[in-house]
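Peer 1: Letter by letter, the chains look like this.
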Amino acid sequence: MAATIYRDALRQCLIEEMERDDDVFLIGEDIGRYQGTFRVTAGLFDQFGERRVVDTPITEPAIVGLANGAAMAGLRPVVEMMTMSFSILALDQIINHAAKIHYMTGGEIKVPIVIRGPGGAANQLSAQHSQSLEGWYAHCPGLKVVAPATPACAYGLLRSAIRDDNPVIFTENPGLYGLKGEIPDDKDFTIPFGSARIAREGKDVTLIAYSRMVHVCLAAAQTLAGEGVEAEVVDVRSLLPLDTETILASVRKTHRAVVVYEDWRSGAFGAEIAARVGELCFDDLDAPVGRVGGLNVPMPYTRPLELLCIPNDHDVVDAVHRLN
Amino acid sequence: MAKPAHKDLIASPAEVEQDYRDMLFLRHFEEKCNAAYRAGKVGGYLHVYIGMEPLAVGWLGCIKKGYDRVIAPYRIHGHALTLGSDPVKVMAEIMGRAAGLSHGKGGSMHLYDVEKGFYGGWGIVGGHTPIAAGLAFADKYRNEDRITLCYLGDGAANAGVFFETLNMVGLWDLPIIFLIENNLFAMGTRIEYHAADTELWKRGVPFGIHSERVDGMDVFQVKRDAQRIIDRVRRQQKPALVEVMTYRFAGHGAADNDQSLYRTPKEVEEARRRDPIALIEGFIREHNLMTQEKMEAIDAEIVERVEDIYHQADALPFPEPGEVYEHVYTDMLPEEGH
Chain A
1 MAATIYRDAL RQCLIEEMER DDDVFLIGED IGRYQGTFRV TAGLFDQFGE RRVVDTPITE
61 PAIVGLANGA AMAGLRPVVE MMTMSFSILA LDQIINHAAK IHYMTGGEIK VPIVIRGPGG
121 AANQLSAQHS QSLEGWYAHC PGLKVVAPAT PACAYGLLRS AIRDDNPVIF TENPGLYGLK
181 GEIPDDKDFT IPFGSARIAR EGKDVTLIAY SRMVHVCLAA AQTLAGEGVE AEVVDVRSLL
241 PLDTETILAS VRKTHRAVVV YEDWRSGAFG AEIAARVGEL CFDDLDAPVG RVGGLNVPMP
301 YTRPLELLCI PNDHDVVDAV HRLN
Chain Z
1 MAKPAHKDLI ASPAEVEQDY RDMLFLRHFE EKCNAAYRAG KVGGYLHVYI GMEPLAVGWL
61 GCIKKGYDRV IAPYRIHGHA LTLGSDPVKV MAEIMGRAAG LSHGKGGSMH LYDVEKGFYG
121 GWGIVGGHTP IAAGLAFADK YRNEDRITLC YLGDGAANAG VFFETLNMVG LWDLPIIFLI
181 ENNLFAMGTR IEYHAADTEL WKRGVPFGIH SERVDGMDVF QVKRDAQRII DRVRRQQKPA
241 LVEVMTYRFA GHGAADNDQS LYRTPKEVEE ARRRDPIALI EGFIREHNLM TQEKMEAIDA
301 EIVERVEDIY HQADALPFPE PGEVYEHVYT DMLPEEGH
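Top to bottom, those sequences are chains A and Z. Going by the UniProt record's numbering, the first sequence opens with residue 1, and the numbers climb by one from there. Going by the UniProt record's numbering, the second sequence opens with residue 1, and the numbers climb by one from there.
Please note that a few of the clues may not be correct.
[Stated by the list, open to error] Distance ranges between label pairs, derived from CB positions:
id: 1; chain 1: Z; residue 1: Lys64; chain 2: A; residue 2: Leu280; range: 32 to 40 angstroms
id: 2; chain 1: A; residue 1: Pro57; chain 2: Z; residue 2: Glu144; range: 55 to 63 angstroms
id: 3; chain 1: Z; residue 1: Gly40; chain 2: A; residue 2: Ala275; range: 37 to 45 angstroms
id: 4; chain 1: A; residue 1: Asp22; chain 2: Z; residue 2: Arg305; range: 42 to 50 angstroms
id: 5; chain 1: A; residue 1: Asp165; chain 2: Z; residue 2: Glu336; range: 19 to 27 angstroms
id: 6; chain 1: A; residue 1: Ile198; chain 2: Z; residue 2: Leu333; range: 22 to 30 angstroms
id: 7; chain 1: Z; residue 1: Tyr193; chain 2: A; residue 2: Gly49; range: 45 to 53 angstroms
[What the hints assert, rightly or not] Result set (SDA-like, lysine to any residue): computed pairs, CA atoms no more than 20 angstroms apart in a straight line:
id: 8; chain 1: Z; residue 1: Lys140; chain 2: A; residue 2: Arg51
id: 9; chain 1: Z; residue 1: Lys140; chain 2: A; residue 2: Asp55
id: 10; chain 1: A; residue 1: Lys110; chain 2: Z; residue 2: Tyr67
id: 11; chain 1: A; residue 1: Lys110; chain 2: Z; residue 2: Lys32
id: 12; chain 1: A; residue 1: Lys110; chain 2: Z; residue 2: Val328
id: 13; chain 1: A; residue 1: Lys110; chain 2: Z; residue 2: Glu115
id: 14; chain 1: Z; residue 1: Lys32; chain 2: Z; residue 2: Gly84
id: 15; chain 1: A; residue 1: Lys110; chain 2: Z; residue 2: Glu323
id: 16; chain 1: Z; residue 1: Lys140; chain 2: A; residue 2: Gly74
id: 17; chain 1: A; residue 1: Lys187; chain 2: A; residue 2: Arg163
id: 18; chain 1: Z; residue 1: Lys238; chain 2: A; residue 2: Arg51
id: 19; chain 1: A; residue 1: Lys110; chain 2: Z; residue 2: Tyr325
id: 20; chain 1: Z; residue 1: Lys64; chain 2: Z; residue 2: Ala300
id: 21; chain 1: A; residue 1: Lys110; chain 2: Z; residue 2: Gly123
Simulated from the structure, these hints should not be mistaken for laboratory data. The beta carbon of each residue, even a glycine, is placed where N, CA and C say it ideally should be.
Using the sequences and the hints given, assemble the complete structure.
Peer 2: See the structure below:
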């Protein structure tokens, strides 16, 4: 195991996969000469050159479209979205094209493309740079969607994403880039999609989350432990495919569940998880499934209001209290 | 636009006959598709290529078939057939059958045949243009001398992503030809009402892309222009944009049943004088390359062949229900059930 931070775990995985496979290339805005807005690609332009680290014009639809075509021809593009909010410009290429190509061609053509970048709130980036859109993508058959919470998960899931023959949306909460952790010394370390992780074991309530909200849940679990409530934290990791079984098994043990997500509370992917728990675990539940989500407003700039919008550990603790 | 110059023609009588047969085959195939649609054998959207045959037969006759890459929007039966896709599989796809080119999951708009170099088959106007650039990007990345030929309509020439793509291919010198099939109509909107500058060939100029307007009705002239431009792109490994002037004799789709909304019978009558089939027949007569009897015999033979294709396709089964889940992913099934 080696100590690192989330950003560098991603970067190391990119380097290793590019060294392993010449078909892997990076493409995006300011990822090369400028070293990447969040420095995930720092140094890679110098290491691999402009053939494999491609700086683009600011044209998200054409970037993803070009990557789709390159993937159809057998390359393995890893697209960086400067923020996932900008991927909205490329929705046509992601949803109307990437997600449909294998199906529309009757299985003839594969699209091994990864679209990665920061999703969710950072620090006062306001309404157009702070959105959590993973639920939009996880709604769409044909895509795979992952949202790692730790450096090791980022390291293993990114490798799985690059080696996957399907389009993968890989969302990185910007608040995690500096998170410390350990990663295995294994250039083939992968984490399969559709496998959730028990981030903390407990017997009294299940907190279900992904990405940065896993850490919010872990903080809440600490507080709850002080009250004698042992919370189990399920890190979903992969939204599509979703490891429903691990979630249900935990709820069957604890009989209570709260789903926690940074996305707007209404209509988010967390609501899908809550619906599944209600539908499939009804007899095991001692209370209705709780939800904690982001406030249903565009993200405000000013710090006090921004903090109000993003769920924190107190919100989670309150939600657990409301179950009783 | 260069004037047609038949005196420069070096086509052999055999080549003339082949072009005649190929275009006539597309014409009859499309007419059969229309009939099948009216008979309820074809659903959804159906866009036929009647009047535009030289753009497929002429241009695709000049590429390295099976090596170069071809991508087109949704009026594509002619491209697949000319590239050599099995016509029964093409018809079967249009009829939604399991043995169709896309297993019945694509339909008329979504035909693909990678072995023949055909990459579809796209329903979002302009959306395939950056994908085409990606195909060319891959070839440049691997240092292979393929070219990509990307067809698009005059309507797609206004799409924002097309301009973004032109910038990229100009910036990166990608070996691609954008071929604007200017049939004068974006669905039912005439070019004067959809383009600020109706000379669409100019769209490549600001991006440093070799751009020109050429004829699309006289298949011999089409081939001369096509070979010249294809050779140039392959040799220089730089993009080109061509606006090919054509005319859509059919409606936008099979459900477009009131063409008086956007054009007059007089206009169609005038365009008919340059119908590609009529032009090549006139050429054959003018040069005494075939007797009238032989031309009629060829026509009858092709009609019979298309009938046979149709009946073979119609005998094929629809997909089984379980196939609905296949090919969403390469390696897993989606969750099942409603």
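Peer 1: Next step is simple, just say for each hint if it's right about the structure.
Peer 2: A quick look at each hint next to the structure:
1. Lys64/Z with Leu280/A: 32 to 40 angstroms: Given range 32 to 40 angstroms: violated, Cβ gap about 55 angstroms.
2. Pro57/A with Glu144/Z: 55 to 63 angstroms: violated, 25 angstroms
3. Gly40/Z with Ala275/A: 37 to 45 angstroms: At 40 angstroms between Cβs, range holds.
4. Asp22/A with Arg305/Z: 42 to 50 angstroms: Holds, at about 46 angstroms.
5. Asp165/A with Glu336/Z: 19 to 27 angstroms: Since Asp165/A and Glu336/Z have Cβ atoms about 21 angstroms apart, the given range 19 to 27 angstroms holds.
6. Ile198/A with Leu333/Z: 22 to 30 angstroms: Given range 22 to 30 angstroms: holds, Cβ gap about 26 angstroms.
7. Tyr193/Z with Gly49/A: 45 to 53 angstroms: holds, 47 angstroms
8. Lys140/Z with Arg51/A: Satisfied, since the Cα-Cα distance of roughly 10 angstroms is no more than 20 angstroms.
9. Lys140/Z with Asp55/A: Roughly 16 angstroms between the alpha carbons, so the hint for Lys140/Z and Asp55/A holds.
10. Lys110/A with Tyr67/Z: Between Lys110/A and Tyr67/Z the Cα gap is close to 19 angstroms, so the pair holds against 20 angstroms.
11. Lys110/A with Lys32/Z: violated, 32 angstroms
12. Lys110/A with Val328/Z: holds, 10 angstroms
13. Lys110/A with Glu115/Z: holds, 14 angstroms
14. Lys32/Z with Gly84/Z: The hint holds at about 19 angstroms.
15. Lys110/A with Glu323/Z: Distance of about 18 angstroms is within 20 angstroms: holds.
16. Lys140/Z with Gly74/A: holds, 13 angstroms
17. Lys187/A with Arg163/A: holds, 13 angstroms
18. Lys238/Z with Arg51/A: Satisfied, since the Cα-Cα distance of roughly 17 angstroms is no more than 20 angstroms.
19. Lys110/A with Tyr325/Z: holds, 16 angstroms
20. Lys64/Z with Ala300/Z: violated, 30 angstroms
21. Lys110/A with Gly123/Z: holds, 18 angstroms
Checked against the numbered hints given earlier, the structure breaks hints 1, 2, 11, 20 and satisfies all the rest.
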